[in-house]
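With the hints as extra help, turn the sequences into a complete structure.
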Amino acid sequence: DTEVTQTPKHLVMGMTNKKSLKCEQHMGHRAMYWYKQKAKKPPELMFVYSYEKLSINESVPSRFSPECPNSSLLNLHLHALQPEDSALYLCASSQEGAVNEKLFFGSGTQLSVL
Amino acid sequence: GEDVEQSLFLSVREGDSSVINCTYTDSSSTYLYWYKQEPGAGLQLLTYIFSNMDMKQDQRLTVLLNKKDKHLSLRIADTQTGDSAIYFCAESGRTNAGKSTFGDGTTLTVKP
Numbered sequence: 001d002t003e004v005t006q007t008p009k010h011l012v013m014g015m016t017n018k019k020s021l022k023c024e025q026h027m028g029h030r031a032m033y034w035y036k037q038k039a040k041k042p043p044e045l046m047f048v049y050s051y052e053k054l055s056i057n058e059s060v061p062s063r064f065s066p067e068c069p070n071s072s073l074l075n076l077h078l079h080a081l082q083p084e085d086s087a088l089y090l091c092a093s094s095q096e097g098a099v100n101e102k103l104f105f106g107s108g109t110q111l112s113v114l
Numbered sequence: 115g116e117d118v119e120q121s122l123f124l125s126v127r128e129g130d131s132s133v134i135n136c137t138y139t140d141s142s143s144t145y146l147y148w149y150k151q152e153p154g155a156g157l158q159l160l161t162y163i164f165s166n167m168d169m170k171q172d173q174r175l176t177v178l179l180n181k182k183d184k185h186l187s188l189r190i191a192d193t194q195t196g197d198s199a200i201y202f203c204a205e206s207g208r209t210n211a212g213k214s215t216f217g218d219g220t221t222l223t224v225k226p
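Top to bottom, those sequences are chains A and B. Counting from 1, position 84 in the first sequence corresponds to residue 84 in our numbering; the numbering is continuous, with no gaps. Start counting at 1 in the second sequence, then tack on 114, and there's your number in our numbering.
Please note that the accuracy of each hint is not assured.
Okay, the calculated beta carbon distance ranges per label pair [to be verified]:
| id | chain 1 | residue 1 | chain 2 | residue 2 | range |
| --- | --- | --- | --- | --- | --- |
| 1 | B | 164 | A | 39 | 28 to 36 Å |
| 2 | B | 174 | A | 3 | 20 to 28 Å |
| 3 | B | 139 | A | 18 | 35 to 43 Å |
| 4 | B | 158 | A | 39 | 16 to 24 Å |
| 5 | B | 171 | A | 77 | 41 to 49 Å |
| 6 | B | 189 | A | 22 | 34 to 42 Å |
| 7 | A | 72 | B | 153 | 24 to 32 Å |
| 8 | A | 80 | B | 171 | 49 to 57 Å |
Calculated directly from the structure, the hints in this document are not laboratory data. Owing to the predicted nature of the structure, the values given are computational and were not obtained by experimental measurement. Yeah, the Cβ is synthetic: ideal placement off N, Cα and C, and Gly gets one too.
Here is the structure:
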């Protein structure tokens with residue numbers, strides 16, 4: 001199994017809603033990532049978990065809250081988002097989160113904030 | 115900080131070769147990657163090259179690395195309409211451990 005699975009594929013939420021994005025991989029990878037991607041732009045790193053511990057937070061606003069319940073699962077909890085947060089949210093995994101590692105991406109959740 | 119640059123657009127005819135170019139600034143880059151993104155999908159790793167290599171070939175894909183000029187290219191032989199996508203160059207190295215720096219992406223359009 002070389003897949004990273006993300007749910008839901010699409011999400012529409014109001015600015016007062018609370019929602020969660022989910023990501024799962026069964027490749028035995030120990031590093032998992034959240035990226036945000038605007039249309040026609042490269043992905044921007046948000047968070048990195050390595051061995052279930054948060055290792056990188058790229059100064060992301062607190063309305064985004066990551067969680068790594070175990071080595072196969074990664075969640076992104078959303079609360080009080082702004083319309084400018086509308087984007088494609090991509091989850092990725094890699095073997096260990098070391099310097100030189102190949103990233104395996106999911107298909108993403110297309111988020112619209114109204 | 116680290117920077118990766120690519121030209122934004124490339125258009126070729128089906129059956130021709132495509133060459134997508136990338137330059138980077140981080141001299142400590144040790145791996146360089148090419149990712150492909152089709153509409154509505156995530157990024158897919160196509161190929162990668164270690165910085166002590168000059169060339170890597172994988173079926174229709176050829177990666178050339180000029181480390182002196184910090185220049186990377188991806189050649190796609192016999193380009194097909196299914197190759198139409200955005201291609202991202204990325205690098206990782208000691209100065210950005212745990213992260214990859216991506217270029218802005220090159221949109222490849224293949225015309226029949």
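Exercise for review: Please write out, lowest number first, the hints stated earlier that are contradicted by the structure.
Suggested key: none
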